[in-house]
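With the hints as constraints, model all of the structure from the sequences given.
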Amino acid sequence: MLHDFAFVGVFFLVAIALAGGPLILAWLIRPAKPNPIKSSTYECGVETFGDAWVQFKVQYYVYGLVFVVFDIETIFLFPWAVAYSQLPLFAVLEMVLFILILTGALVYAWRKGDLEWV
Amino acid sequence: MNVVNDPFTWAGNVIAQWLGGFLPPVGVDVTMMVLRAGVLGVFALVMFMVMTWIERKGVARIQDRIGPNRAGPFGLLQPIADGVKALTKEDITPDHVDRVVFNAAPILSSVAAMIVFAAIPFGPGLIGADMNIGIFYILAVGGLGIIAILMAGWSSNNKYALLGAFRVVAQLVSYEIPHVLSIVAVVMLAGSMSMITIVEKQPVWFLFVLPVSALIVLFSGMAEIGRSPFDLLDAESEIIAGHHIEYSGMKFALFFLGEYVHAFAVSCIVAALFLGGWRGPNIFGLTVPYLWFFIKAILVFNVMVWARGTLPRLRIDHLMAFNWKFLVPLSLVNLIVVAVADRLAQAGGLAAGTWPWALVMLVFNLAMLVVALALVGWAGQRARRAAEPREMPEVETHDEAHDAEHAPIAAGAH
Amino acid sequence: MTTLQVMFILLGSITLAGGLYTVTARNLFHGALGLIVALAGVAALYALLEASFLAAAQVAIYIGAIAIMIIFAVMLTRGVMGAYPVKDLWSLAVSSIGTVLLLAVLLVTLFRFNWPQTTPAAVPADSIAQLGKALVDPNLYVLPFEVASVLLVAALIGSAYIARDKK
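Protein chains in written order, with our numbering: chain A, 29 to 146; chain B, 289 to 702; chain C, 2 to 168.
One or more hints might be untrue.
[Unchecked claim] Derived Cβ-Cβ restraints for the label pairs, each shown as a range:
1. B:E676 / C:A135: 32 to 38 Å
2. B:F310 / A:I57: 33 to 39 Å
3. B:T598 / C:N140: 53 to 59 Å
4. B:I604 / C:S96: 54 to 60 Å
5. B:D605 / C:A164: 14 to 20 Å
6. A:K61 / B:I571: 52 to 58 Å
7. C:A164 / B:Q669: 29 to 35 Å
8. B:A675 / A:G132: 40 to 46 Å
If you are wondering where the hints come from, they were derived from the structure by calculation, not from laboratory data.
Virtual Cβ for every residue (Gly too), placed ideally from N, Cα, C.
Laid out in structure tokens, this is it:
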């Protein structure tokens, strides 16, 4: 098992080299003629106004929130799924109960309008 | 094994023996790992070129035009031409960007897409690392790509990039849930998260046993990559490329590379999980598992290209509603139905992995799909009826007295 | 010095460096990125212990969900890419004293504890299946497991209520 993870680590480093290689090659080859107009921030072809501050809708946060709760649910689901074939029936029903409780949470968020994209 | 039946393992053994001549065992081990990683990485990059060619030609033909045909025969050298262009284009970095994060974002995006290939089973022994958490590793690595998008959007110092990055992350994060839940159904039936075991447990392809899961994994996979019809958030005509706005030249090409490599990775995952992976009949007595896997992965990618060329883009609120109000409840119900159906079938004496068992599971799945679509249809009918204009109340129409009163004017007007 | 020890020192240093950068970075977003490095380091340490499922769960939950939420929270409060200086000397003093006290408590505990000297048993091959069985075994962890689901629902309802646009 450690050997497999060592491979993953090595692959990570090799992938960084493979992605960084073309970048370095491009840096050596490409022209570099910056001027103030080219280096200005893009805003549909007009001058920018104000800082890069954006009205961050809280809706993005709510989606992330529901995602965290369901992600943790899947963490519990994975070991149960691996052991599924060796489990008696009531163990399966316990997990069904778990899923139903979390489905109830989803229905609550749905009915309260938290899942709408405003 | 000999060179014909399994060229990759044979080549690996030959190289390992040659290295063993002058390196200690640790050195041989590390060098072989670096070599395997290099081969997988280069394979991913080469497949990126093939994918872009398939995509451009496929979408072009669907749109009744030819596609690239200048660079080489049938435009086969087009990806190489694109690569040369990306290398030699000037890299315009705007002022006030955060240099370190700005440069790290495209690298992280392509790296996150490439390291998925460490756990993809190309053949019975042909896998980078057969971890006992195979498919879960793939899902975990997806999170790194999301961080790369946030880094890109934030460091560009551009309102549109930041806004685009938030929306893309909201979409990606939402579609990850049905993706993971449907994969849990596969793990349930396979009894392991290791990709090799999942493929070995498919004498009957999981496509026939778990069709709903396969469809959900394919759709949410397409949404995870940010492809059409889910590409509202980085399409040129919409928010002008979203979090990619300030990137040019090779850095933009790296984002592009990350997207297509991720698309190929999702195709490989669907092929391994649902289409039986490397299983296929022998060709002329030769076992060619890697060829069958390759064919299946390309097939799934062609389905994605087909969907891109055919379907219109989904609007962002439709996108989110489709996920949270259809896919997530469907995948939760799918888990329960698969658990119940499997227990029923096994209680009825049908062993797992046989065709009768698969038939029972298929019937349950299709019933669930029919019920789900009927519910969606009913909800749509209700919404349509609520949105229809109501009957207009009776308006005072012109009667004879009114006409006679105004007749001289009307007659005079002619 | 075995390979395992070398790897442990390397990964531990990376984790500590990430954590240090998180608390000393002037820019909040850089701090969040340092946190991601620290979390990835912890995942690598789990992998070193052969706790493969925990390592993947750490990456999937912490980096794939919680780090994203933290970055969203950073952007929710300040969307501007700016640097934020240290507040004032008083808070610096108080926090330094608190940190030194905590460090003293941790070090005393570390050195006084009787660490077992035996090598631990090997990780069984079907550890994930055993984990799954333990989660739903009535004698083991099924009650905390179901209570955890209720806890998750409570967290969802609470935070959705707080985040909701109150009309």
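Structure-based check of each hint:
1. Between E676 of chain B and A135 of chain C the beta carbons are some 56 Å apart, a value that contradicts the proposed interval 32 to 38 Å.
2. Range check, F310 of chain B to I57 of chain A: Cβ separation about 36 Å, and the 33 to 39 Å hint holds.
3. For T598 of chain B and N140 of chain C, the Cβ-Cβ distance of about 55 Å falls inside the hinted range of 53 to 59 Å, so the restraint holds.
4. Evaluation of the 54 to 60 Å hint for I604 of chain B and S96 of chain C yields a failure: the beta carbon distance comes to about 43 Å.
5. Checked against the hint of 14 to 20 Å, the C-beta distance between D605 of chain B and A164 of chain C comes to roughly 18 Å, which is consistent with it.
6. Our hint of 52 to 58 Å for K61 of chain A and I571 of chain B holds, since their Cβ atoms are close to 55 Å apart.
7. For the pair A164 of chain C and Q669 of chain B, the beta carbons lie near 32 Å from each other, so the given range of 29 to 35 Å is met.
8. A C-beta distance of roughly 29 Å is found between A675 of chain B and G132 of chain A, which places it outside the suggested range of 40 to 46 Å.
When each numbered hint is compared with the structure, violations occur for hints 1, 4, 8.
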